[in-house]
Amino acid sequence: MERILIIDDEKPTLAMSRLFLGALGYSVLTAENGPAGLEIFERERPRIILTDIKMPGMDGFAVLKKIKQTDPRAEVIVITGHGDVDLAKRALDLHASDFIHKPIEKEALEAALKKAEERLRSA
Amino acid sequence: MNIIIKKFREASLKNKMFFSSLTVILLLSFVIALFTRWVLISSLTEELVMRGRGIAERIADSSRGYILTEDFPELTHLIFEARLGLRESLIAYIFIVDTRDNVMAHTFMETFPEGLHTANVISPQSSHSTRLVSIGEGSAYDIAMPIREGIYQIGTVHVGIKKEHIDSLISKLRTTFVGFLSFITIFFFAISHMLSRYITRPISQLTEISNEICRGQGMGECASDGNPLSEKYSGDEVMQLAHSFNNMTIQLSRSQKELKESEGKYRSLFNSGPIPIFVLDRQTLEILDANPSAEETYGYLKNELHGNYFTDFGQFEYEGRNLAETAHKGWPEGYTLTENVRYYRKGDNRPKYIRFKACPAEYKERQALILAATDITEMVEKDAQLIQASKMSTLGEMSAGVAHELNQPLNAIKLGNEYLKTMVQEGKTIPDEDLLQVATEVSNQVTRASEIINRLREFGRKTDFAKERIDISTPVQGVLGMIGRQLQLENIAVQLDLDTNLPKIMAHNNRLEQVLFNLITNGIDAINRKKASIEGDGPHVIRIRTFRQKSRVVLSVEDTGTGIPKSIQEKIFEPFFTTKEVGKGMGLGLSIIYGIVKDYGGDINVESKEGLGTTFTLSFPVAPN
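Quick mapping for you: the protein sequence lines, in order, are chains A and B.
Heads up: the first sequence begins at 1 in the working numbering, then just goes up one per residue.
Heads up: the second sequence begins at 124 in the working numbering, then just goes up one per residue.
By construction, these hints were calculated from the structure, which means they are not laboratory data.
Predicted model, so just to flag it, every value in this text is computed and none were measured.
Mixed in with the good hints, there may be bad ones.
Straight-line C-alpha distance at most 16 Å; calculated EDC-like pairs for lysine to aspartate or glutamate [claimed, not checked]:
#1 B:K544 x A:E107
#2 A:K106 x B:E549
#3 B:K544 x A:E105
#4 B:K505 x B:E730
#5 B:K544 x A:E110
#6 B:K689 x B:E730
#7 B:K285 x B:E170
#8 A:K68 x A:E39
#9 A:K11 x A:E32
#10 B:K505 x B:D587
#11 B:K673 x B:D587
The shape of chain B in the complex, shown without the other chains:
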């Protein structure tokens, strides 16, 4: 019993509804069937008995005379007649007995069944009697009716109503009734099935949805306090729904709490973090929000920042394009990191530098850009100082060569002047022609000397932050102007292979000169080392090439020096790596070159074969139009 109850509780609502309505219908039909059967059988039997009584009464009336005259053949004829026709199927037998229970006439074809004439005796008080008796194979309702003459009873007529007949009628009725009930049951079966499905379907759907929401909360499983999933929970739809709903609520409140915590965490990061963070409109770069650090860095108050455009604070560029333009064209997905950008603090003319990371996000239902800036002013300044210091040291290395170069024009001027002085001292007239020659030469040599000085000054000048569009052959020519003669004197040939139709690149001319000067003097050193060695013969060449390779502008400096051993090729760009003796060079030259080239988005590679020479290849991106 318990099992059934348990099973029932665990069944789905649909089945519950279905089974309970079915049970009620079946019970009801059963009760109705029983009741109607009882009513029908009793009334049918009564009716038939009444009919039997009617027949018996008629026989009693008609037989009175024959009994008094004791005319038995007529009596027998009478009862046979009474049984004729339709009544034959209804009436089993008729017989008449006298007051002493002797059978006077009967309708039995064979012998009169023993004991039948005394089976149904009318009690003295009643006018008739009915009793179920058995005859042969069947049974019958025996109706006994007294035959009276005046106040005297002269006999009794017995009419047997076939019970078979009643039973067949009842069974016919029962078949019809069961058929009808079956039809009703099937009909209700279908109706209740449809109805329960109709009712429970929305509930199931609701459960499904709430489970879905639960899962969607990112918990992977929709468990409350470590309980199994609601899907696995047994019970009907309503219970499942309740459970699922409960889970969903717990889940929702939990994730809401988590969200709140997370929001709080980020809020505090935003407010107290040392990094300036801006929230910008993705299209217009309007400042939607800024943290205190941003206010501090830029020197503006919050209300001064709000509603202004980020691009008002500096020339921001991203991948060579204006920031506003980039924003307008659609910000790229994912994180983007800018190069160094310059900005100005409020009321401060000294430039500051930031590098920022931008990431698209949603902010108050707007397409926003979260922009985290890092102040790199100090780093940029230190970089510039380091490059400048390195340049100064390069200038020191150049000084001997420059002194020699400056001595040439000075010597020519001096000689010309000594000539004039001598002529005047000796009182000779200077031919106009010679005077003109001296004057022209002096002028030329002064120009030459001042060019050398200008070039030096330009080289040593502190570089501006902003890059310029330059032709890569300009610094090549500049450097050769400074040390070309030194190369000649060292008997090193210079092979120039410059493409004059190259696109411009974004760089600083004097920093590139610094790079080239370092590479060329390294080449000279390598060639001189080779000259000093045993296999020092052969052409000594420094070849400088510029060319285009796909979307990049390439500059290569090739020497025929000693080459760099494979073991140290990877280290040469590391700072403080040097092969020179202590005190001769800090080992910063190539690492600074590396830094400079990288700052222009360029690349530097070295290829070297020991004893044959070294090639440094620098490639730069083409400047945007």
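Chain A extracted, bound-state conformation:
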């Protein structure tokens, strides 16, 4: 079972994501902020990471940079607010695999996850 790490400062989002991704057949790890997320990443080494961009303290970009430094092959999908195209572009420049907007659509999430898994297989 593929393991996914979700980093988001919103507890309700984390709880719902855990259920949802579980239903989609993933093993889910959660973190409430950037530093906690990085710690779990170091320990568990999940191959797919979902992270919110706007977080207090360490934001999504910093998390993305750190993970890419540690493991350039890790697939990091960033979550941005509705219509935040600029932030999404900046994330792609920092080698994020993909971006999805809030509120998260099932199709968009599945497509992004599928693309990431394919890339992991081909690597």
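Starting from the known structure of chain A, arrange chain B on it as the hints suggest.
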């Protein structure tokens, strides 16, 4: 002579009376003295001469025999005897001459004065003769009396009455008389002095009073047609009084005319002026008079206004106290200006606003209050519109943050829902536990979203006119509820230092939120500018404090941003002053904040150090109980 007359005319009435009565008395006494002297001297002389004649007659009778016998020694003895006793002081001499004027006997110790025996000759027709003659050093009245024997004259007897004697008697009399006259004069002197003073004093007082009245008319000087003052006017008391009285009348009539003119002027101002003016009873605020403009403004007829109470037209407040209460406690001296007050026109539910100036005055012998009202409805409405417009623009600025905030609960709901959908689509059973969790979370998130919407709606709501008693920490919490997360995301720490025991203030909650939102977003902007600059490190903090300072409640918003340059610190509250580029902000934010704070009787101050940060301090008066 003219000088004397002039002097006399110029003299005071007192002196005039005094001098004239004195002159009359002196003249009178002089005439009396002359008259009595004349009467006395002539009668005294006559009396003495009579006595002399008596003596002469007696000597004539007794000497007849001696003359006939030519017994000269006896004759001499006779006349010496006649001179003896008391008569010695009266009689100067006695001598007897014969018909040929030869001296037969005389009483002279020395030689007989030459020519004396012929000095006084009796004319043939008269029985005797009296004449003033001089003897030696003195003079005497010589009385000649013929000595007859039958029808023949045998000689003449001469008796000299000393004139000295008469003179000494007269001088004695004169001394007594002058003494008496002097006493009378002094007595009258005093009497006339007192009398004239007694008469003129009331006149002087009257003059004084009329001068006083004249001066009291506020003319400063009591001049009629530019003439010198009556006080300087020369003349006696009556003339002065007349003059002063005249002046007073002129002055009075003039000031009466002025008063009439002034009254007319104010009356026309009252009647035709555009400002509503009320005359109220100072205690009860009963309407005593109102001008046409007041009738027009309030939509009532004059008779509907009269006798009613001013407080019936609206909730009037003065310095936080009810108007009626203020009036009851005693209206303060001088002018007082109220804040905006609301009233309703007759039969109109739309509120109107006035601001009025009140000033205590007298009206028809009543303690009144002149109240001039200015209709500021339009201004109040425009103010409200401006504040509302500014709030709307603030709402626009908030929208990005609010959208992000609303996205959070929506995202959680969406995820929960997608989970349920997936489970159902894949035909899996949803564990009760998970179903409950999703349902609870969805419910919570809906509540959260609707709270955000409510807060926005509350913020954007048009503010009521009436202020409410609010706790200053309420708007602080409200604003942080809206943008607290934005601050977190910007990595700006919020330090709250709120005193929970503060007294309430009179304000509008959502306007204070508007103020705070503007101040906090200004702080965020300043901190972000600093972050972008070279010295961008260090803690980024917005500190909000509330505390009490004497009788005021203070709220301060402090940031660690770039600070405001000294040169523009004074301008930041001016409308349309902005440091932003054209098209980014109108420069109205702080000027509107200023207006809002001032409307609550508050004050706003800024303290800033370039590169270190800015503190805005707002202070408000405590709401009355």
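Earlier hints that do not hold, by number
Violated: hints 4, 11.
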